[in-house]
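Asker: Residue-level listing of the chains:
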Amino acid sequence: MGINGKSYIVGIYEHPCRAALDKTLPQLHAEIAKGALADAGLSKDDVDAYFCAGDAPGLGPINMIEYMGLNNVRHMDSTETGGSSYIVHVNHAAQAIAAGHCNVALITLAGRPVADAKEGKPVRYYNQQAPDFPFEMPYGPNVTNMYAMCAMRHMYEYGTTSEQLAWIKVAASHHAQHNEHARLRDVVTVEDVVNSPMIADPLHRLDCCVITDGGGGIVMVSPEVAKSLKRTRVKVLGAGEAPKHLAAGQVDLTYSGARWSGPKAFAEAGVTPAEIKYASVYDSFTITVLETLEDLGFCKKGEGGKFVSDGNLISGVGKLPFNTDGGGLCNNHPGNRGGMTKVLEAVRQVRGEAHPKVQVRNCDIALAHGTGGLLGSRMGSATVILGNEDA
Amino acid sequence: MNADQKNKINLVVNSETKPYWEGAAKRQLLIRACNACGKVHHYPRTICPHCFSDDTAFVEASGNGVIYSYSVTRQAKPPYVIAYVELDEGVAMLTNIIGCEIDKIRIGQKVRVEFSEAGDGYALPVFTSA
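Chains D and B, in that order, give the protein sequences. Every letter in the first sequence is one number past the one before it in the working numbering, and letter 196, counting from 1, is 196. Every letter in the second sequence is one number past the one before it in the working numbering, and letter 71, counting from 1, is 1071.
The following block holds chain D by itself, in its conformation from the complex:
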């Protein structure tokens, strides 16, 4: 059973805070749920399905459903695939709605890594019982140096340069200047990026995303419910999800799981990359965007560096406007999980409600893509394609 046209996104909310010292984690989830439902014109009693990931405290849906007082839930999903979780949730909610298991699905993400650090709370350690942990942790892997190895290998195989990667940050900064909530609003140049301090070769500080608190939420409904609401509805056209792992010891860091999640989403939506007017692409690091764009088929493998150069990702300038909210590189990366905000900006674009300076004209079809875990090595990928009523 396919999902094309069988559900709609009718409510979204991005928490405006970027440092949540005065808010608890459950409180952030609830504020986000309230905001997303208000945007949809629905109440909490309309919610009959709830989705959250590993950022939610305790037993996830169980604790959050109680805290928020959701009394009519008959479908739950706490799929955890890191930052890609929320796009997986969109896929699963679309499937559940299409199957008749629910009519109003609420998805929330919240995090407070900035506040937790200021309060001296220990960062959440990767589970010591994860099977890879004993054989990898002694070597000091961290998010940056693991993504850096992808960039290093991509450069080696395809001649990709730091300047090309920098263009991704430059484009994000051009968009972020118009977002009053963006963590970083200054426009930067290629020189600014390559001259910023080296964090893990070949990634510089400005190749890395921001760390922020906050979060976001989505309300998805059946076509019948969508038609009863006043809000501009955004149709879910197709979605795909895929794990990628080291396959018993075979390493290839030059591609991501988008190689599999993308084609599934395009096939279901019945569209091609050339028809995508706007793309939200997970941007934990610049290399994340570059590999993903190749894997989604926006350009040939190895030609991502050329594709992203010279402002090709800047709205109004290039062929593929991306992350017009400023993305994780400049705007927001709540809870170190960027999949949610990717969907939110894609919805704004299809609604025609992005900032006028970055709104893509006639944005009838948009894509959002999430990456979870470690690019290329042990990761989740999820792609969703959204459209307006006529798409």
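I should point out that these hints are in silico values taken from the structure, not numbers from a laboratory. Here the structure is a predicted model, which means the values were calculated and not measured. Hints are not guaranteed to be accurate.
Stated by the list, open to error - Keeping only pairs whose Cα atoms sit at most 35 Å apart, straight-line, the calculated DSBU-like set for lysine-lysine is: (1) K1077(B) - K118(D); (2) K1104(B) - K300(D); (3) K1110(B) - K300(D); (4) K264(D) - K1039(B); (5) K357(D) - K300(D); (6) K300(D) - K1039(B); (7) K306(D) - K1110(B); (8) K1110(B) - K301(D).
Following the hints, put chain B in place on chain D, whose structure we already have.
Answerer: Coordinates of chain B only, in the frame set by chain D:
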């Protein structure tokens, strides 16, 4: 702090990993091989990730390989090099490159295993220029 404490690395030694670390303590790099399908894998598992047989055993690797990719964590004091090394046996492992001039490390470089002290008599397999 004595030298042993200073170099101590918190290794996870459990029923599945213990033989690996005992091998490393004896300066052996062990990988896991499957007697059913004949393939090797890494990191080691009791059930073969190729064919799902439980007839698997540790075998000693040659300790030779090439650097698939690497990165220098510049913010650490001192900076360290993380790498994926492709072993001659055909599996890759995450590791550190030591004893090399950091700025001369290259993808494709031939490396061989070394063992750095991990405390409590254990040792950690790392790699250096071959």
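Asker: If a hint holds in the structure, say so; if it doesn't, say that too.
Answerer: Evaluation of the provided hints:
| no. | hint | verdict |
| --- | --- | --- |
| 1 | K1077(B) - K118(D) | 23 Å, holds |
| 2 | K1104(B) - K300(D) | 31 Å, holds |
| 3 | K1110(B) - K300(D) | 31 Å, holds |
| 4 | K264(D) - K1039(B) | 31 Å, holds |
| 5 | K357(D) - K300(D) | 30 Å, holds |
| 6 | K300(D) - K1039(B) | 33 Å, holds |
| 7 | K306(D) - K1110(B) | 31 Å, holds |
| 8 | K1110(B) - K301(D) | 27 Å, holds |
This entry satisfies every hint, going by the numbered hints stated previously.
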